[in-house]
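Asks: Next come the chains, spelled out residue by residue.
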Amino acid sequence: MPTVDDIAGLRQILTRSRVVAVVGLSEHWYRPSYFAAKYLLDHGYRIIPVNPNHTEVLGEKCYPDLASVPATVDIVDCFRRPEDIPPIAREAVAKGAKVLWMQIGIRSEEGARIALAGGLDVVMNRCVKIEHARVIGGLHWAGVNTGVISARRPA
Amino acid sequence: MPDRKFGFDTLCLHAGHVPDSETGARALPIYQTTSFVFDSADHAASLFNLQTFGNVYSRISNPTVAALEERVAALEGGRAALAAATGMAAQMVALLTLCRNGDHVVAARTLYGGTYSQLATTFAQFGIDATFVDADDPAAFRRALKSNTKAVYAETIGNPQLNVCDIAALAEVAHGVGIPFVIDNTLASPYLCRPFEHGADIVVHSVTKYLGGHGTTMGGILVESGKFPWDNGNFPQMTEASRGYHGVRFYETFGDFGFTMKARMETMRTLGPTLAPLSAFLLLQGIETLHLRMPRHCESALAVAQHLAAHRAVEWVNYPFLEGNRYEKLAQRYLPHGAGGILTFGVRGGAAAGERFIESVQFLSHLANVGDAKSLVIHPASTTHRQLSEDEQRAAGVTPEMIRLSIGLETLDDILWDVDQALEKSQR
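Protein chains in written order, with the numbering used here: chain E, 1 to 155; chain S, 1 to 428.
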């Protein structure tokens, strides 16, 4: 099963998911992970920070790893280097997460294989904030070529 | 299922606009408003921090203008675009986002007169230098590069010399020193040439011309390819904390549309040459027929060029698709579907005969614009290039007897009739 990379597939993932574990979330407001997590909070998602270096980010308790998270997780959003992805993928499978999402600039074929074998959907090399804004709304206002062609009224 | 790659004609009609979510309106609503309410104090903070996408104030972004931006970005095959009040404003915003005081640009000597003046005179006042070189000689561009050069700048089709740019060669020159190649694609329009496919990094347009097509509305736009590596060390303003926007790192935060975001949030926000929403709406009405108009402009211009070439009252004709034209090969490579609607020619009898020609045409409009649906005519030496000295005019390819025609969409036989009767009067 291939990774999800089309507009309909991304829209479906982002519409059906509610809880996003952000692995590698920084506490610094100017870092991309913070931008993305703040964006998801603003758009009705629950954020669970995962980073052994912090105790709280964006007002949410921060956990050292996925296994310590005491809640179900829909998306595991990874702000980590490619070589760190396979163990995160194994944790995501163990946790029963639905989607392994690797941020823009991050590709791990091995991580993808592990997650796909565990029954997860996989998104690779895409920013969760930019893709949400692209396929659900908002990015268009920044003059970005979203690729969305449709004669239907947005939901 | 992979996303469909839609054709150019479909993009002309649909890119950047889906039906209105509130009302279902099929046509693009004109958001004639200066400002947009915030949902809450936190929403306002997120918008100002760029942590969410949305509209604050129409100097920065507006939903009607955004439809134009996304449509042109899609037509060019680019990542993102920023509209401006005019083409001059768009290129200014592009270059002032790249260059700071003490920086340098290498540009084609054949640039449109207004662009030449913007670089040579206005930017010089800001401490941004320009070197103008032979537009046909990539090696001349390379020789003019300095350690502080931040852009190579040229036009797909020069005006009024109608020189065709070797886009791939100039992109290679720029990339050799890690700087972007910026190209004005106005006279080709994305229908005839998409410079990103040949290595250009930033495209600018006067949307006033073929994109709008109707000659009613001024507008400009810059488009970024999304492929330039802004973290190569030459553009610290893209990678370091922004002084102009409370510490945002544009490339890290916005990636392949970081340049457009910086141009919008710093250059456009602080200088303010914004496109009006009504103008964006009008320009989009034109773009909906770009794919139908451009082939006709090209066919008729070639027919007029061939007709003039055989005319006894004409000394020379310049149109890139004419057999034997010095740009024929470059035109075949970069403009395979046509060389646009503009051509120049020299009337026998010099400047005086040229003036008689212009005063004798019946429905060709004498005015300083190109790319209109109506046919236009002008004598560049006494109008568009009047601010330049004769030497500067010749360097820009303008000779005293030159007439420029911008061929419109009228009945071709009527255009030929008007040209013929005016040529006859020019020889009396």
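By construction, these hints were calculated from the structure, which means they are not laboratory data. Treat the hints with care, as some may be off.
[As the list claims (entries may be wrong)] Each computed EDC-like pair below joins lysine to aspartate or glutamate, with the alpha-carbon atoms no more than 20 Å apart: (1) K5(S) with D74(E); (2) K5(S) with D5(E); (3) K374(S) with E288(S); (4) K61(E) with E27(E); (5) K98(E) with D5(E); (6) K95(E) with D74(E).
[Stated by the list, open to error] Short, incomplete list of chain S residues facing chain E, as computed with Cβ under 10 Å: (7) A41; (8) D42; (9) S61; (10) G244.
The model shown is predicted, which means the values in this text are computed figures rather than measured ones. We treat Cβ as the ideally placed atom computed from N, Cα and C, and that holds for glycine.
Asks: State for each hint whether it applies.
Replies: Hints and how they fare:
1. K5(S) with D74(E): violated (30 Å)
2. K5(S) with D5(E): holds (14 Å)
3. K374(S) with E288(S): holds (17 Å)
4. K61(E) with E27(E): Within the cut-off at roughly 12 Å; holds.
5. K98(E) with D5(E): Judged against 20 Å, a Cα distance of about 16 Å means the pair holds.
6. K95(E) with D74(E): Given that 20 Å is the threshold and the Cα spacing comes to 10 Å, the pair holds.
7. A41: Hint violated; A41(S) Cβ to chain E Cβ min 12 Å, cut 10 Å.
8. D42: holds (8 Å)
9. S61: holds (5 Å)
10. G244: It is violated, given that the least Cβ distance between G244(S) and chain E is near 14 Å, above 10 Å.
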